[in-house]
Amino acid sequence: MANIEAQGGQPSSVPALLRRNARKFGDAPAYREKEYGIWQSWTWTQTLAEVEALALGLLELGVNEGDFVAVIGRNRPALYWAMMAADMCGAIPVPLYQDANAEEMAYVMNHCGARFAVVGDQEQVDKILEVEEHLPEFERMVYLDPRGLRKYDHDALHEYNDVQDMGRKARDRHIKTIEAIEAKLDYDSTCIMLYTSGTTGKPKGVVLSNRNIIETAKSSSEFDNLRQTDDILAYLPMAWVGDFIFSVGQALWTGFCTNCPESAETLTVDLREIGPTYYFAPPRVFEMQLTNVMIRMEDASRFKKKLFDYFMAHARKVGPAILDGKEVGFADRMKYRLGELFIYGPLKNTLGLSRVRVGYTAGEAIGPEIFDFYRSLGINLKQLYGQTEATVFITAQPDGEVRSDTVGVTCPGVELKIADNGEVFYRSPGVFVEYYKNPESTADTKDAEGWVATGDAGFIEEGTGHLRIIDRAKDVGQMANGSLFAPKYVENKLKFFPNILEAVVFGNGRDECTAFINIDLTAVGSWAERNNIGYASYQELARHPQVMQAIQEHVEAVNASVAEDDMLSGCQVYRFVVLHKELDADDGELTRTRKVRRKIIAEKYDDIIAALYDGSKSVSTETEVTYEDGRKGSIKATLEVRDAKVLPVATKKLAAE
Amino acid sequence: MKDQADSYVTEDGRTIGPVVMEMKNITLRFGGVEAIKDISFDIREGEIRAIIGPNGAGKSSMLNVISGFYVPQEGEVWYKGARRPSMKPFEVAQQGIARTFQNIALFEGMSVLDNVMTGRLTHMKTGIFSQALWKGAAEREEIANREVAERIIDFLEIQAIRKTPVSRLPYGLKKRVELARALAAEPSLLLLDEPMAGMNVEEKEDMSRFILDVNDEFGTTIALIEHDMGVVMDLSDRVVVMDYGKKIGDGTPQEVRNNKEVIDAYLGVAHE
Chain A
1 MANIEAQGGQ PSSVPALLRR NARKFGDAPA YREKEYGIWQ SWTWTQTLAE
51 VEALALGLLE LGVNEGDFVA VIGRNRPALY WAMMAADMCG AIPVPLYQDA
101 NAEEMAYVMN HCGARFAVVG DQEQVDKILE VEEHLPEFER MVYLDPRGLR
151 KYDHDALHEY NDVQDMGRKA RDRHIKTIEA IEAKLDYDST CIMLYTSGTT
201 GKPKGVVLSN RNIIETAKSS SEFDNLRQTD DILAYLPMAW VGDFIFSVGQ
251 ALWTGFCTNC PESAETLTVD LREIGPTYYF APPRVFEMQL TNVMIRMEDA
301 SRFKKKLFDY FMAHARKVGP AILDGKEVGF ADRMKYRLGE LFIYGPLKNT
351 LGLSRVRVGY TAGEAIGPEI FDFYRSLGIN LKQLYGQTEA TVFITAQPDG
401 EVRSDTVGVT CPGVELKIAD NGEVFYRSPG VFVEYYKNPE STADTKDAEG
451 WVATGDAGFI EEGTGHLRII DRAKDVGQMA NGSLFAPKYV ENKLKFFPNI
501 LEAVVFGNGR DECTAFINID LTAVGSWAER NNIGYASYQE LARHPQVMQA
551 IQEHVEAVNA SVAEDDMLSG CQVYRFVVLH KELDADDGEL TRTRKVRRKI
601 IAEKYDDIIA ALYDGSKSVS TETEVTYEDG RKGSIKATLE VRDAKVLPVA
651 TKKLAAE
Chain B
658 MKDQADSYVT EDGRTIGPVV MEMKNITLRF GGVEAIKDIS FDIREGEIRA
708 IIGPNGAGKS SMLNVISGFY VPQEGEVWYK GARRPSMKPF EVAQQGIART
758 FQNIALFEGM SVLDNVMTGR LTHMKTGIFS QALWKGAAER EEIANREVAE
808 RIIDFLEIQA IRKTPVSRLP YGLKKRVELA RALAAEPSLL LLDEPMAGMN
858 VEEKEDMSRF ILDVNDEFGT TIALIEHDMG VVMDLSDRVV VMDYGKKIGD
908 GTPQEVRNNK EVIDAYLGVA HE
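So the protein sequences, as listed, match chains A and B. Residue 1 is where the first sequence starts when you use our numbering, and the numbers rise one by one after that. Residue 658 is where the second sequence starts when you use our numbering, and the numbers rise one by one after that.
Keep in mind that the hints were calculated from the coordinates and are not lab data. It is possible that some hints are incorrect.
Mimicking DSBU-like on lysine-lysine, the simulated pairs with C-alpha atoms at most 30 Å apart in a straight line are [unchecked claim]: (1) Lys694(B) <-> Lys681(B); (2) Lys831(B) <-> Lys820(B); (3) Lys831(B) <-> Lys861(B); (4) Lys792(B) <-> Lys34(A); (5) Lys305(A) <-> Lys820(B); (6) Lys34(A) <-> Lys218(A); (7) Lys917(B) <-> Lys861(B); (8) Lys151(A) <-> Lys861(B); (9) Lys437(A) <-> Lys202(A); (10) Lys151(A) <-> Lys737(B); (11) Lys34(A) <-> Lys861(B); (12) Lys218(A) <-> Lys169(A); (13) Lys595(A) <-> Lys474(A); (14) Lys632(A) <-> Lys581(A); (15) Lys737(B) <-> Lys782(B); (16) Lys34(A) <-> Lys831(B); (17) Lys34(A) <-> Lys820(B); (18) Lys617(A) <-> Lys636(A); (19) Lys474(A) <-> Lys417(A); (20) Lys917(B) <-> Lys903(B); (21) Lys474(A) <-> Lys446(A); (22) Lys782(B) <-> Lys632(A); (23) Lys861(B) <-> Lys581(A); (24) Lys169(A) <-> Lys202(A); (25) Lys737(B) <-> Lys694(B); (26) Lys636(A) <-> Lys604(A); (27) Lys737(B) <-> Lys304(A); (28) Lys636(A) <-> Lys792(B); (29) Lys218(A) <-> Lys437(A); (30) Lys184(A) <-> Lys595(A); (31) Lys820(B) <-> Lys348(A); (32) Lys474(A) <-> Lys604(A); (33) Lys581(A) <-> Lys599(A).
Derived contacts from chain B toward chain A, CB cut-off under 10 Å, selection only [unchecked claim]: (34) Asp669; (35) Gln816; (36) Ile818; (37) Leu869.
Even for Gly, the Cβ is constructed at its ideal location relative to N, Cα and C.
Could you build the full structure based on these sequences and the hints that come with them?
Given below as C-alpha cells:
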C-alpha cells in the first residue's frame, strides 16, 4: 500500500498496521474476551475482517472523513475494533469514560460535534438519549449488547452485528472508498482524540496523530522488549490514553494479544486465567491486592502465617537484588528458591501475576512498602511517568534500575528540561498535535519549539539521571513564612498507610498545614472486626475514637518523616479531621481517574477548613451527595478536629532563617 | 376486559397474547380452613401478572395451585386450552412451568453453575449410564445445556460467582441464582414467590429490572406474588388482589389502586 512505502516500509497508520499484522501474524490470537464462561478469541486475520466489516457498515450509515465517532463502554474487543474502524473510514475515534454521567458526556460530545457513537449497552444508550436534544450534531448510535433495547425506537439506533452485516453486503460499493482513504492516511493524520480527565476545569480534547501513537508504541515496545507472544489484560478505562497505547498501539506494533475480562467483577479470576506477561495497574490496584493478601493472612492458620512471615522477610532482604541481577550469596539464593516453592510462587499465582515479565504502575506515587512487596516476590514492577499530551511515555524505569522514589530515565526519543520554578518540560515524537478547538490552551502548554509543560514540579537526580516528581507545579505553593508547600508529597506519605484511602492537605499561604483524611473501609473495617469493634456505618467507623487514635499516629509518623526533608519540613500537619464520607468522583471531588480536585473540595468543605484553623474542637457540617443513579441526598455529621504532634525541627530551622 | 382470544399491544410496545392459564372457581381447603374461596382469574401470554394481598390472604396457596403442588378440592385449572388433571410437580415442570420459592430452595453446597444446571434437567434426555461415561450424545448434550446456562448467567450478571458455592452468597444474590435456575428450564410460565422479600431498595430495583428484562427478552409469561405495593404497581400488567382467601380486586394497577375494597384491605379497615 502507498502509505507503507512512504515510511520506508513501515506502516504509518492504524489500519495499515492492522493489515500488516493480518499478513504477518495471520493465525496468532489478537483479541480474546471471556463470554459465556469461555475465552473466545480472534486471530489477526479475523480481527481485520471484523474491523473492515464495521468500517464498511459505518460508511453505509453515512460516516464521513473527519467525523468524530464516540466510543463508550467497558473494555471489549468490539469497541477496540470500533476505534480502528473509525480510523479506517478516515473518521476520528473519541473514547469516553463509561462511568461519566450524562452531562459530562454531553459536554464532550458537543465539544467535538460527534455525529456517531458506538456504545456498549443499554446504560450508555440511555445516557445519550437523555441528552440527545442538546447534541445538535449527533445522529446515530450503534450498540453492542441488545439486552433491554428491543423496544427502543430503532430509527437512529443500530445493533453492532447488523451494521457489520450491512457492511459486508455493501462491500463492493465501499471497499474502493476505504482503500482510497487508507492510502491517504499518513503519519500526520489524526489517529485518535482523547479527553483529559479535567483535574481543573472542563476536559480538553487531546488530538494525537498516527506519528504520536506509532512512534510511541514502537519505542516503548523496544524499551521493554515486548514480544509478539505477550499477553495483556485490558481492564483500564478505554478513554485513558494508556489503555489505547497498550491495547491498540503496542498490540498492533508488536502483534501481542489483548484480553478482555468478562465483567468488572470477574477481573481477579480472569487475571488468573490469562496470566498476563505485560501488566499495567495504577498504585491503587496494587495497594488493594496487598491489603487483601494481608487481611487473608491474618485469618490464616498459625503455621501458614509463620511460614509467610519467615519467607517474606527473606524476600524483602534479597528479592529485589535477585530481580535486578545483583550479587547474592549462594545460601540466600537457595533459601529464596525454597520460598518461591512454598510462598512466592503460589502467592503470585493467586494474584494472577505468575507470568508477568514487565509490570508498570503510574498515575500516582506508589508506597515504597507496596512497591518493594511486589518486587521482592520477583515481579518486575516498574514505574513510569507520562501524560495524555505525551502519548503516555515521558520517563520509565529500565530493568535493573528500579526505585520507588523516582519515575525513571527519559524514554527513547524524549528530551527533558526543568524550568526555573521547578516545572518539568519535555519534547518527543509523542507530543500531541493540539487541544481540539482550543488554540489558547495549546499555546499555553506547548511552545513553538515543541516543548510541553507537564504541570508537575520535579528535578533530575544527579548521578543517576532519574527524574523525581515532587508535586503538581500549580499546587506547589508557599507557606505564610515562605517555606515550600507541596501538599501531594505529604498526602502520598499519608496514603501509604493502608488505613488511609485519601488525604487532602491544605496550607498554602497559611502558617500551618492541616489535612482531611478518608479512612479505607476495607482495611479499617477488617481491623474493627478483628478487635470486636462494632459499627453501623462508614460515618460511625470514621469517628470511632480508636480509629481517630490510629489515624493520629499515622499523621504523626508522617510528620516525623516530613521533618527530615530539608526542603519540605514546613509541611507537617498540625491538625486533621477524618471525613464523614468518601471523596467521590460522582460528587465532583475526584476526577474520573481518581485524582483529588483540591479547589472543589476546598470550596465544598470551607466550613471544615475554617474549623481547622480557628481552634474549634469539633465542627458540624452537612454535605450533599450524589448517588450512582444521579439522585441527590445529604449527610449530616459532627467531626472532631484533632491536633497532631509536630516535630520542632522545622520551626527551629525557620526561626534560624 | 378484553376478549380471551385477543392479542393486544401494551403502551410500551409489548404484545400480550391470549389466555394461557385460567383458574375457574378454585376452592382450596386444609381441613376446615378455607385458604382459597371460589377464585377465578386468568393469565395471558407474555404478561406480568401479580397476585397481592395482606399476610395470610392465600397468595402462596394460590401459587401452589398454579404450580400443581396443591390440588384444589373444587374448581378447574385450564392450561394452554386444556383442563389440567392433577399432576406431580415434575410433570408440571415438563409442561414449561418453573418457579422460585419464598424461602430460597437452592442446593447450598453446590456451586451457582451447578445449581443453574439442575434447572436444565427437564431438557436432558440421555440416560444415567451414558452420562456417567460422558461420551458422544451425553457430552454434546451437556455442552449444549451448559451454553444455555451460561447465557442465563450472563443475562443475570452473576458471572463473578459462577463457581462460588451458594452457601457463601448473600441473600440478594441467592434470590438471583434461584431466578437463574428457574430460567434455565426455559419456562413458558414463570412463577415468582415474593422475589423481593427481604431486599433493600437497590436490590429491589435490580430484581425489578431483571424481571422486566426476562419478560421482554424471552417473552416469558410471569406470575408473581409480592408484598411491596410500589414494586407490583410498577412491574405488572394486571393485578389480582386477595384478602382472606377471596378475590377482592382484579385489573390493571390503576384500576386496582382505585378499588374501594382494596384500599380498605390495605389500610386495615375493620372487617365485620
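Just to be careful, I want the Cα atoms of lysine 694(B) and lysine 681(B) compared with a cutoff of 30 Å; is the pair within it?
Between lysine 694(B) and lysine 681(B) the Cα gap is close to 11 Å, so the pair holds against 30 Å.
Can you confirm whether the C-alpha distance between lysine 34(A) and lysine 831(B) stays at or below 30 Å?
At roughly 24 Å apart (the allowed maximum being 30 Å), lysine 831(B) and lysine 34(A) satisfy the hint.
Below or equal to 30 Å on CA atoms is what counts here, so check lysine 474(A) against lysine 417(A).
17 Å, holds
Does lysine 820(B) lie within 30 Å of lysine 305(A) when you go C-alpha to C-alpha?
27 Å, holds
Assess, step by step, whether the Cα of lysine 617(A) is no farther than 30 Å from the Cα of lysine 636(A), and give holds or violated.
Measuring from Cα to Cα gives roughly 17 Å; hence the hint holds.
Hinted pair lysine 782(B) and lysine 632(A), Cα distance within 30 Å
54 Å, violated
If you draw a straight line from the CA of lysine 34(A) to the CA of lysine 218(A), is it 30 Å or shorter?
28 Å, holds
Taking 10 Å as the limit, does the beta-carbon of isoleucine 818(B) come near enough to a beta-carbon in chain A?
8 Å, holds
Does lysine 831(B) pair with lysine 820(B) here, judged by a C-alpha cut-off of 30 Å?
Distance ~13 Å between lysine 831(B) and lysine 820(B) Cα, so the pair holds.
Within a Cα-Cα threshold of 30 Å, do lysine 831(B) and lysine 861(B) meet the stated pairing?
With a Cα-Cα distance of about 13 Å, the restraint between lysine 831(B) and lysine 861(B) holds, given a limit of 30 Å.
So if I understand the rule, the pair passes when the alpha-carbon distance is 30 Å or less; does lysine 632(A) with lysine 581(A) pass?
The hint holds at about 14 Å.
Quickly compare the C-alpha distance for lysine 151(A) and lysine 861(B) to 30 Å and report which way the hint goes.
Given pair lysine 151(A), lysine 861(B) holds - Cα atoms ~23 Å apart, limit 30 Å.
Hint compliance for this structure: hints 12, 22, 24, 27, 28, 30 are not met, and every other hint is.
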